[in-house]
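**Q** Go ahead and model the full structure; you've got the sequences and the hints to work with.
The chain contents come next:
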Amino acid sequence: MSAVSPEIALRRQPVARNPFGPLATLARRRFQLTAGRPRELFVPLLTPILFALVIAPALKTALHTSTAYEAFVATGTIGLLIPLNTMFSGLSVIVDRESGAQRELLSAPIPRPLLPLGNLLVALATTAFQVAVLLGVASARRIHFDITAGGFLWFLAASVLFTIGMYGMAEVLAGRVPKAEEYIARVPAVAIVPWFLAGSLFPIDALPVVLTWIARFLPLTHGLALVRYGLLNDASALHDIWGMHSASGMAALSLLVVAAFALVLTRAAIRVFSHSALK
Amino acid sequence: MALALKPLDSDGWADTAQPEPPAIVVRALAKTYPGGVEAVKAIDFEVETGEVFGLLGPNGAGKSTTIGMLTTTVRPTSGSATLVGHDVASEPLGARAASSVVFQDPVVDRSLTGRRNLEIHARLWRVPQAEAAPRIGEIAAAVGVEELLERPVSTYSGGQRRRLEIARALVSHPRVLFLDEPTVGLDPRIRAELLDVISGLRARYRMTILLTTHYLDEADRLCDRIAVMHLGEIVACDSPEALRATLGDEILELRIEGDGRAALDALRAESIADCAAFAVGSTVAVPLRERRPVDVLSQIHALGVTTQAVTTRLPTLDDVYLRLTGGRLRADA
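Chains as they are written, first to last, in this note's numbering: chain A, 1 to 279; chain B, 280 to 612.
A portion of the hints provided could be inaccurate.
What the hints assert, rightly or not - Here are the in silico distance ranges between beta carbons for each label pair:
#1 B:E325 to A:A24: 37 to 43 Å
#2 B:S436 to A:A35: 23 to 29 Å
#3 A:E181 to B:V463: 26 to 32 Å
#4 A:E98 to B:D597: 32 to 38 Å
#5 B:S390 to A:P57: 35 to 41 Å
#6 A:P178 to B:S561: 41 to 47 Å
#7 B:S390 to A:A189: 28 to 34 Å
#8 B:P337 to A:L156: 54 to 60 Å
#9 A:Q32 to B:P313: 34 to 40 Å
Hints in this document: simulated from the structure, not taken from any laboratory. Here a beta-carbon is modelled for each residue, glycine too, at the ideal position from N, C-alpha and C.
**A** Spelled out as structure tokens, the structure:
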């Protein structure tokens, strides 16, 4: 019997490097699990639709304002919808961890950053669906939007980047808290409190000066200002933040803020996930 | 090139003339968790290709940490480990591609069907799509879940779910299969069925299996070699037969009045019992080593040790385990 060099005899398993196949598989798995629980798609919609369709018109009537307040609030509720949906999506990380499914995914021959990225794809898709439903319902109630092709791109970029950032925050939170109960207890502070400060129901300059300054640093404020610029062709929220004259210049700066938010939180999410996955 | 497991009778795996290097090589592997807990202390072992290797030990012995390091979910503090030639620290993707794990706790998605769970595993392990469906069918039949595949896993019984977990791990045709306490928590009937399944798989496929368990009959039945872990160290590693042989051909088991350990110390002091003897509670086990039971018993009574019951029997793996782990526990106490 002759000796065989280990290099020949081991017949090492080749490792495929293309990450898109596993990413699609992870996203499909997450989508199938989410679609199996339709409440995850529709529950986050209830409050924003209530705000846009019931509360805003009621406030307009009560305040005797003649401005397009329904459109102002309808776009503002996107700033509630995205954080709520992404935070609910983040719960799936804890569910995977508690059910044991995460162990299976961690033992798979795929780069581990793909796991949060697969979840992110589904969070983006469900958020897009919900925002589309919200805007569709608002249009059906004759709330008027002033959308141009360029404006739509500002809206799209801001919404996507803000969703990415918020999902990153959800992953970070899910990686740091051990139980779903603790996670849910933190959701209002992350998803709802900033909404009241970010110019959702009223312009930020209506806030006390200190809070106005705080609002200028919130990514949500920038995201909402961009959404209004895109859907209503209204740059006043951008002006409240930057105080400049060039609408597109202010929009670019706000988009930069939202992009930085998305980048930092996504990197943090991957880092936290990888750290918590490897003991 | 996809590597497929081959049935033993298909093309000469069993008769292959080429010796294969060990599928698992562990060298001075250690893990110290933050806070200074030394879970695994520089262990060494090798597992040959096609071998079933058991890691035995009580809770906290370091078995799960060892499996965690080999499956790349626990970062080793020092030392090295390779799986089919892939270093688990520097080539984790290769190591994971070559292996699969049946975890102690369920990992399948309960709201998905059995088939969907297997498909997800196949895709993540990059089984070509054309191969996945027939392979799923074959493996599901081998573990007896083919009739259940279209049902959501939430409708499965505990035993059915466990079978699906095993099928899931096999879909990728792993070179190395880790079974981490695969039968824990199952009722005896399901456990016996599952052991049959695992034995059958071993006969059918040529794969290396690393099994952790604290059911000694399970290890005795399935494993070619066993490493007994205790407090992070491997305190013995050999075949079940060789491990049993360390206790000789026959054991004298005494149930005594009073403290078994004190009695054992007295027997050792008079050279009636050697270092392989051990005590658990009020029971003392003394290897006879070619001596007649009646002679040993008269020596024991001459020492003033009062026995309540006496029996002789063959050594079991339980005896080996108790000697190795119980003795150490006492020494550390």
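**Q** Each hint needs a verdict: does it hold in this structure or not?
**A** Right, here's what the structure says about each hint:
Taken as a hint, the range 37 to 43 Å holds for the pair B:E325 and A:A24, whose Cβ atoms sit roughly 38 Å apart. For B:S436 paired with A:A35, a C-beta distance near 26 Å keeps the hint of 23 to 29 Å intact. Against the hinted window of 26 to 32 Å, the Cβ-Cβ separation of A:E181 and B:V463 comes to about 27 Å, which satisfies the hint. Distance hint for A:E98 and B:D597: a CB-CB separation of about 35 Å, consistent with the stated range 32 to 38 Å.
For the pair B:S390 and A:P57, the beta carbons lie near 39 Å from each other, so the given range of 35 to 41 Å is met. The given range of 41 to 47 Å is respected by A:P178 and B:S561, whose C-beta atoms sit roughly 43 Å from each other. About 30 Å separates the C-beta atoms of B:S390 and A:A189, a value consistent with the hinted range of 28 to 34 Å. Here the CB-CB span from B:P337 to A:L156 is close to 58 Å, well matched to the stated 54 to 60 Å.
Between A:Q32 and B:P313 the C-beta distance comes to about 37 Å, which sits within the given range of 34 to 40 Å.
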